[in-house]
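Student: Spelled out from the first residue to the last, the chains are:
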Amino acid sequence: MELIINSTIIILFILGLYGLLTQRNIIKLAICFNIMEASILIFFLTVGYKPEGSYPIIRPEVDSYVQPLPQALALTAIVIGASTTALMLAFAIKLYKRYHTLDIDKLRRLRG
Amino acid sequence: MLYSRTVIIIMLSGLFLLALLTFAELPPIFYDFADKTSVYIQEGVVDTGVTNQVTAILFDYRGFDTLGEATVIFAAALIISYFAPRKKAPMLGVRLGVLVRYGVASILPFILIFGMYIIFFGHISPGGGFTGGVVLASIVIIFDITFGFGQGRVHLLSRDTKKSIESIGLVMFILIGIWGVFFEGAFLANSSTLVEKGTLGEFVSGGMIPILNIASGLKVGAGLAIIFNNLVKEN
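For the record, the sequence lines run as chains A and B. At position 6 of the first sequence (counting the first as 1) the number is 25 in the numbering used here, and the numbers step up by one without a gap. At position 94 of the second sequence (counting the first as 1) the number is 258 in the numbering used here, and the numbers step up by one without a gap.
No wet-lab data here; the hints were simulated from the structure. There could be a bad hint or two in this list.
Between beta-carbon pairs, the in silico distance windows are [what the hints assert, rightly or not]: (1) B/Pro273 with A/Glu71: 33 to 43 Å; (2) A/Arg78 with B/Pro191: 21 to 31 Å; (3) A/Arg43 with B/Val368: 55 to 65 Å.
From the three backbone atoms N, C-alpha and C, an ideal C-beta is built for every residue, glycine too.
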């Protein structure tokens, strides 16, 4: 069970990294960033998880809860991820208006 | 292309094995952290007075962190409005049909009530300022997609209104932080001075945390609406 969850996290992360290294389209690069981010969020959730735990709202009739700290950090990561994705898409729009292409190989003025 | 695809795949396979070995060294996933970090579960209710411990961490233990997070949204909205496209997207010039327009108009009040509920009850039930703010932002986005383009376009909130709402949220957040300096001795300390203490688990409880929820809800909702409107360029 643990091996399956760990492999899911690592495979998602490496799929995103592979896309970042091989893709040429800026929109696809933004999607790959989001896939990597999803793997990190799954990792956050598994850290605080307990099989018998309930959601962390303290109630008198429940004894065992999952840890609230990874969930709070995941909330932060989701908000910041949404902001950076919006920023990437805004840059993509700006680049397309100027160069009429989204292929990073053809954005010649960006080359060193 | 600097590296071929085969080289990349070989390198990433090595990384996969390395990461798998590293994960094996971590504590087991379902390891009971109770003896180390359960301070939030054990003492969080007494410390903060709210039952939702995720909200307690976000707005009390790590309130300064949340202020930084709100600043990130503010910075993103600022940069995106600087890079706003000059013309509106051409595919949005078509006006939607009568079924869509009346359907959206009848469903919007329920989304508003849902978003307000998530924000106002964020300290005793699942939810909070950030999730509720996103729901409220979706109202502006749906309204502008439906009615904001083509002939006879109207916008739910003008650009200046959204800017003011976002600023009000941020200023409210910071003022509550300064309030904590005066009454509890630390920035963003959860002060119950001059605020009804309330009973645990009821609507009025938790000192300043519900007000912080409202502030961050306004901030996040307006910020996301500004980001959307700048990406499609409303005018």
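Student: Now tell me, hint by hint, if it's right for this structure.
Tutor: Hints and how they fare:
no., hint, result
1, B/Pro273 with A/Glu71: 33 to 43 Å, "40 Å, holds"
2, A/Arg78 with B/Pro191: 21 to 31 Å, "28 Å, holds"
3, A/Arg43 with B/Val368: 55 to 65 Å, "56 Å, holds"
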